[in-house]
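**Q** Using the hints provided, position chain D relative to the given structure of chain L.
Going down the list, the protein sequences come from chains L and D.
Just so you know, we're using the working numbering here: the first sequence kicks off at 1 and counts up by one.
Just so you know, we're using the working numbering here: the second sequence kicks off at 79 and counts up by one.
Careful: at least some of the hints might be erroneous.
Below 25 Å or equal to it, Euclidean Cα-Cα: the simulated BS3-like pairs (lysine-lysine) are [stated by the list, open to error]:
| hint | chain 1 | residue 1 | chain 2 | residue 2 |
| --- | --- | --- | --- | --- |
| 1 | D | Lys-189 | L | Lys-63 |
| 2 | D | Lys-189 | L | Lys-41 |
| 3 | L | Lys-41 | L | Lys-2 |
Everything labelled a hint here was simulated from the structure, so no lab data went into it.
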Amino acid sequence: MKKLSVVVAGTGQIRDVEIESGTTAGDILAQLNLADYLLSKGPNEPFFANAESVYDKVKDGEKIFASTKAEVGITVCA
Amino acid sequence: MRVKELGTRPAPNAIRELFSQVVRGHAPSISVLRREIPYWRERGWTRNGNNYTGSYQTAYAAFQGQIQERWSSIDFFLYSPSRQIRSHSHWTCFAPRGDDWYLVHMARRPKDVSSGIITIERLITEAYEQ
Numbered sequence: 001m002k003k004l005s006v007v008v009a010g011t012g013q014i015r016d017v018e019i020e021s022g023t024t025a026g027d028i029l030a031q032l033n034l035a036d037y038l039l040s041k042g043p044n045e046p047f048f049a050n051a052e053s054v055y056d057k058v059k060d061g062e063k064i065f066a067s068t069k070a071e072v073g074i075t076v077c078a
Numbered sequence: 079m080r081v082k083e084l085g086t087r088p089a090p091n092a093i094r095e096l097f098s099q100v101v102r103g104h105a106p107s108i109s110v111l112r113r114e115i116p117y118w119r120e121r122g123w124t125r126n127g128n129n130y131t132g133s134y135q136t137a138y139a140a141f142q143g144q145i146q147e148r149w150s151s152i153d154f155f156l157y158s159p160s161r162q163i164r165s166h167s168h169w170t171c172f173a174p175r176g177d178d179w180y181l182v183h184m185a186r187r188p189k190d191v192s193s194g195i196i197t198i199e200r201l202i203t204e205a206y207e208q
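Bound conformation, chain L alone (with noise of 0.2 Å):
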């Protein structure tokens, strides 16, 4: 079992869960009601994908983001 602590970007709120090998961000997002974000270790890092196991790429007590989903762009360059 790892610790992680998910803060909300938006409203800085800190939820702490608790998550076992196999655990998919699609599970965290799910468990914390977060539908509509996508989870990331910050800014410099990608998101993870829904169905990707975040378990073995995180460590023990470590701090990631949730942030809703945004993209840049234009019908014509998106």
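**A** Frame of chain L, contents of chain D only:
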């Protein structure tokens, strides 16, 4: 072997502190409270009504920014984009607004200011890593 005593002097503070801790035991631990603040504030942005000012910060560069939060949308502005940003595939999503300010179009709009800042910081990082 003969020993010649040259005199005495006080032990260094670090050693005295170490010995005093052994005698006293450890001081009680202090719980440090976590700050629960939005990302925009953590990154040093300031808010004045519905307007935010600050900078988009990455490991490569930081750019002055402004954000206007409206009831239906949030507009993100970036000042004086660098050559790397101008070379990025999403440069066409930067609309000039005069005085070297650019509006950053969002194909998928973030629901909060912090998520938008993270998105733009990620784009800046991409621009420097491409």
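**Q** Can the restraint linking Lys-189/D and Lys-41/L be considered satisfied, given a maximum Cα separation of 25 Å?
**A** Status holds; Cα separation ~19 Å.
**Q** Hinted pair, alpha-carbon criterion (25 Å max): Lys-189/D, Lys-63/L. Please report holds or violated.
**A** Judged against 25 Å, a Cα distance of about 21 Å means the pair holds.
**Q** Against the 25 Å threshold, does the CA-CA distance of Lys-41/L and Lys-2/L hold or violate the hint?
**A** holds (15 Å)
Checked against the numbered hints above, the structure breaks none of them.
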